[in-house]
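Visitor: Here are the chains, one letter per residue:
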Amino acid sequence: MTTLDPTSLMKMLPDTNSLSALLDELPLGVAIMDPHGTLLLVNKAYETLTGVDRERVVGLGCLHALRCDYCMKDCPVMVGWDKMQTRNVDADIINRERRKIPVRLTVSPLINEDGDAGGIVETIAIRGSHTLNETTTGVFGLGDLVGNSPQIKKIFAMVPSIAQTDSSVLITGETGTGKDLLAEEIHNASDRSKGPFIKINCGALPDTLLESELFGHTKGAFTGADHDKPGRFRLAHGGTLFLTEIGDLPLPLQVKLLSFLDDKVVYPLGGTKGFHTDVRIIVATHRDLEDMVRNKQFRQDLLYRLNVIRLHLPPLRERGEDILMLHDHFLKMFQARFGKKVEGFSQNATTILQDYAYPGNVRELRNLIEYAINFCDEKSIRIRHLPGYLLHTPQQTALAEKTGQGESSAPLPLQPLSNPTKKESWEDVQRRMILDALLKTGGRKQKAAEILGWGRSTLWRKMKHFGIE
Amino acid sequence: MEKILIPLRDNDVAPRFDLATDVLIVTLIRKTKALDTVREKVVVLDHASPETMCRLAISESIQTVICAGIESEYHDFLEWKGAKVMDDICGPVDTVLESYLAGKLSPGMCFYPQNTK
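As you go down the protein sequences, you meet chains A and B in turn.
Quick note: the first sequence uses the working numbering, first residue 1, plus one each step.
Quick note: the second sequence uses the working numbering, first residue 1001, plus one each step.
Same shape as in the complex, but just chain B:
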């Protein structure tokens, strides 16, 4: 089982980790190489706070954080806590998640039209 956290802005990856109030938490259960079960839930924070976001990641035992802009302080903290942080990602969350599930996502990728790094 793998848990992924993605800060949201509407249906896109939020441009800033510290300013997002909606968070998508994806639970991925890999049954076979080809078959995954994906469960999603959206957590709404009462106010945007990077500290709250980090606490949420730890309490939810998140293994991977997918986000766009994140300060090194929080990036390093999450990595220190054992979560893998894939930052500088932008695009619609479904496309980003699809790419991650296919094992193709890497930091710096952009999934908006005209921009396929």
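So here's chain A without its partners, still in its complex pose:
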């Protein structure tokens, strides 16, 4: 228990900026509040975790800034202090990026001379938690990554030792192989796990905006820059900065990144003063960086600096038995999430899923299973519960034709509409037409109705009839 008045605490330091600078160095999110839970000060880690701007949250009730589930339960800030004792709870928050983050929350009263709470100090730290762990045995999993093939096991074995160093890591692999998850696992296994894990996609922002996002800017650096912005490098202080799609980083920024990797100092846009920041860099790309170097699209010296530790995630088609394991893994996960009692896959569905090439890798497989469980109203997933495009590859169409009898209870029509099989009922054709149209239009019913040549109400009525939500 702390026996200090917040005002006295403030007085002990020359000014609030000094306290703020001190708190900014901590890897935990810290908020100082008055006895009613009104925010007086938050540190950098708090800003990073919640996504708030510290200048805008001062004066705001803590529950509106933190959005923690504990605020709605029996948080002493809300219901009053029963005993002046520190509370330590596992909770979750929803940040400004709409992500639910499990946190360890500590709420402590600052006792004044009268023995009352003169203020409150709150700390938040990310709790290591993985949703997938709930359904995995842990034997074949590393956090959210699951696999049992030799290539994947080799990577799992390397992660703990990689995590203990501060060297840059380059992760390569096709889209959907789990590069982001691996980066996060390296961070979680490292000593920096209490610090922030900041991810930025180098291909998602225009060049000028990306520079400002990464390195920050000073007030007046460009039109609209009405306040200083710290940038992701500074926000990731004490943690890990994950730059995904590094191959899309423009050449001028590659030079700036190179300079940072050399001296660990960030120069915000429009500023002359550099800021030292302690950040581990992990980068990922699906591109061939060596080839990009040869084509002068990527700096060779930057590649050498990033390529200290290189991890390559194999595509799913090369992971053999992992495909079946991942089927079961995602089946269990979505079973639990959607509360469905789907027990497994029919033999034919398994064959189709096994023979598919998965160009989108694990992400695609996960989406396939999610789709199938959503549409499955039986105990096992059959061919007709799988997305239509899966069946349009020649190999799969032939297989589905061959195996159509095996699932005659409700066969999915696989041929073009002009040539339906005898076993195909009109209801099945309509059902498939609706699903295809909805897939093509991304779920927009108006457009789907136009494609089908039906009125919107007809489509709605038929969707209801077939139980398509």
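Bear in mind the hints are in silico, worked out from the structure with no lab data behind them.
Among the hints, a few may not be true.
In silico DSSO-like pairs for lysine-lysine, Cα to Cα no more than 30 Å straight-line [as the list claims (entries may be wrong)]:
no.: 1; chain 1: A; residue 1: LYS199; chain 2: B; residue 2: LYS1084
no.: 2; chain 1: A; residue 1: LYS296; chain 2: A; residue 2: LYS194
no.: 3; chain 1: A; residue 1: LYS229; chain 2: A; residue 2: LYS194
no.: 4; chain 1: B; residue 1: LYS1081; chain 2: A; residue 2: LYS332
no.: 5; chain 1: B; residue 1: LYS1104; chain 2: A; residue 2: LYS229
no.: 6; chain 1: B; residue 1: LYS1031; chain 2: A; residue 2: LYS100
no.: 7; chain 1: A; residue 1: LYS256; chain 2: A; residue 2: LYS219
no.: 8; chain 1: A; residue 1: LYS340; chain 2: B; residue 2: LYS1031
no.: 9; chain 1: B; residue 1: LYS1104; chain 2: B; residue 2: LYS1003
no.: 10; chain 1: A; residue 1: LYS296; chain 2: A; residue 2: LYS264
no.: 11; chain 1: A; residue 1: LYS464; chain 2: B; residue 2: LYS1081
no.: 12; chain 1: A; residue 1: LYS100; chain 2: B; residue 2: LYS1084
no.: 13; chain 1: A; residue 1: LYS153; chain 2: B; residue 2: LYS1003
no.: 14; chain 1: B; residue 1: LYS1041; chain 2: A; residue 2: LYS447
no.: 15; chain 1: A; residue 1: LYS447; chain 2: B; residue 2: LYS1081
no.: 16; chain 1: A; residue 1: LYS445; chain 2: B; residue 2: LYS1003
no.: 17; chain 1: B; residue 1: LYS1041; chain 2: B; residue 2: LYS1031
no.: 18; chain 1: A; residue 1: LYS341; chain 2: A; residue 2: LYS440
no.: 19; chain 1: A; residue 1: LYS256; chain 2: A; residue 2: LYS229
no.: 20; chain 1: A; residue 1: LYS340; chain 2: B; residue 2: LYS1081
no.: 21; chain 1: B; residue 1: LYS1031; chain 2: B; residue 2: LYS1104
no.: 22; chain 1: B; residue 1: LYS1084; chain 2: A; residue 2: LYS379
no.: 23; chain 1: A; residue 1: LYS194; chain 2: A; residue 2: LYS73
no.: 24; chain 1: A; residue 1: LYS73; chain 2: B; residue 2: LYS1041
no.: 25; chain 1: A; residue 1: LYS440; chain 2: B; residue 2: LYS1041
no.: 26; chain 1: A; residue 1: LYS464; chain 2: B; residue 2: LYS1003
no.: 27; chain 1: A; residue 1: LYS273; chain 2: A; residue 2: LYS379
no.: 28; chain 1: A; residue 1: LYS199; chain 2: A; residue 2: LYS219
Owing to the predicted nature of the structure, the values given are computational and were not obtained by experimental measurement.
Please build the complex by placing chain B on the supplied structure of chain A, with the hints as guidance.
Guide: Coordinates of chain B only, in the frame set by chain A:
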């Protein structure tokens, strides 16, 4: 006619979409540019559940959801179902609604004193 859904915590926009048990449903009938008819009802859920909230939004044919913290899963679902989601809003519900009716509300706004983003 427009229908708006706002998760409530007392008289404020609830900090969390998934933890609110009171929901304000506003039916807005725009008669002229200057004259609106506003009907309000409060639905009380037996327990807080984002899925129930989403189902309510769909069954009530809600066009706009005004809320504070919402997970992307539910945000994307509601948008996919055709509802416009204005999130990261905090403040007393009357003030928020007033701002919305005046066409001034945008995501990220805060209506508590000292905080007028």
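Visitor: Now look at each hint and say whether the structure bears it out.
Guide: Cross-check of the supplied hints:
About 27 Å separates the Cα atoms of LYS199 (chain A) and LYS1084 (chain B), which keeps this hinted pair within 30 Å; it holds. For a cut-off of 30 Å, the pair hint linking LYS296 (chain A) to LYS194 (chain A) is broken: about 38 Å separates their Cα positions. About 23 Å separates the Cα atoms of LYS229 (chain A) and LYS194 (chain A), which keeps this hinted pair within 30 Å; it holds. A hinted pair counts as satisfied when its Cα atoms are at most 30 Å apart, and LYS1081 (chain B) with LYS332 (chain A) qualifies at roughly 26 Å.
Note on LYS1104 (chain B) and LYS229 (chain A): the hinted pairing holds, with a Cα-Cα distance of about 26 Å set against a maximum of 30 Å. Between the alpha carbons of LYS1031 (chain B) and LYS100 (chain A) the distance comes to roughly 41 Å, so the proposed pair goes past 30 Å and is violated. As the CA atoms of LYS256 (chain A) and LYS219 (chain A) are separated by approximately 20 Å, the hinted pair is consistent with the 30 Å bound. At most 30 Å may separate the alpha-carbon atoms for a hinted pair to count; LYS340 (chain A) and LYS1031 (chain B) exceed this at roughly 46 Å.
A C-alpha spacing of about 17 Å is found between LYS1104 (chain B) and LYS1003 (chain B), which places the hinted pair at or below 30 Å, so the restraint holds. A distance of roughly 25 Å separates the Cα atoms of LYS296 (chain A) and LYS264 (chain A); the hinted pair therefore holds under the 30 Å criterion. Taking the CA atoms of LYS464 (chain A) and LYS1081 (chain B), the gap is about 15 Å. The hint holds against a cut of 30 Å. Proximity of LYS100 (chain A) to LYS1084 (chain B) is assessed by CA-CA distance (about 21 Å); at most 30 Å being required, the pair is judged to hold.
Our distance criterion of 30 Å between C-alpha atoms is broken by LYS153 (chain A) and LYS1003 (chain B), whose separation comes to about 53 Å. Restraint check for LYS1041 (chain B) and LYS447 (chain A): not satisfied, since their Cα atoms lie roughly 33 Å apart, outside the 30 Å limit. For a cut-off of 30 Å, the pair hint linking LYS447 (chain A) to LYS1081 (chain B) stands: about 14 Å separates their Cα positions. With a C-alpha separation of about 20 Å, the suggested pair LYS445 (chain A) and LYS1003 (chain B) falls inside the 30 Å cut-off, and the hint holds.
For the suggested pair LYS1041 (chain B) and LYS1031 (chain B), the alpha carbons sit about 20 Å apart, so the restraint of at most 30 Å is met. Note on LYS341 (chain A) and LYS440 (chain A): the hinted pairing holds, with a Cα-Cα distance of about 29 Å set against a maximum of 30 Å. The hinted pair formed by LYS256 (chain A) and LYS229 (chain A) meets the criterion: a straight-line CA distance of about 17 Å does not exceed 30 Å. Taking the CA atoms of LYS340 (chain A) and LYS1081 (chain B), the gap is about 22 Å. The hint holds against a cut of 30 Å.
Note on LYS1031 (chain B) and LYS1104 (chain B): the hinted pairing holds, with a Cα-Cα distance of about 19 Å set against a maximum of 30 Å. Of the pairs offered as hints, the one joining LYS1084 (chain B) and LYS379 (chain A) is violated, with about 36 Å between alpha carbons and a cut-off of 30 Å exceeded. Of the pairs offered as hints, the one joining LYS194 (chain A) and LYS73 (chain A) holds, with about 25 Å between alpha carbons and a cut-off of 30 Å not exceeded. Restraint check for LYS73 (chain A) and LYS1041 (chain B): the C-alpha separation of about 25 Å stays at or below 30 Å, so the hint holds.
Restraint check for LYS440 (chain A) and LYS1041 (chain B): not satisfied, since their Cα atoms lie roughly 38 Å apart, outside the 30 Å limit. With a CA separation close to 23 Å, the supplied pair LYS464 (chain A) and LYS1003 (chain B) stays within the 30 Å bound. Among the hinted pairs, LYS273 (chain A) with LYS379 (chain A) is inconsistent with the structure: their alpha-carbon atoms are about 64 Å apart, more than 30 Å. Only pairs whose Cα atoms come within 30 Å are accepted, and LYS199 (chain A) paired with LYS219 (chain A) is accepted, the gap being roughly 24 Å.
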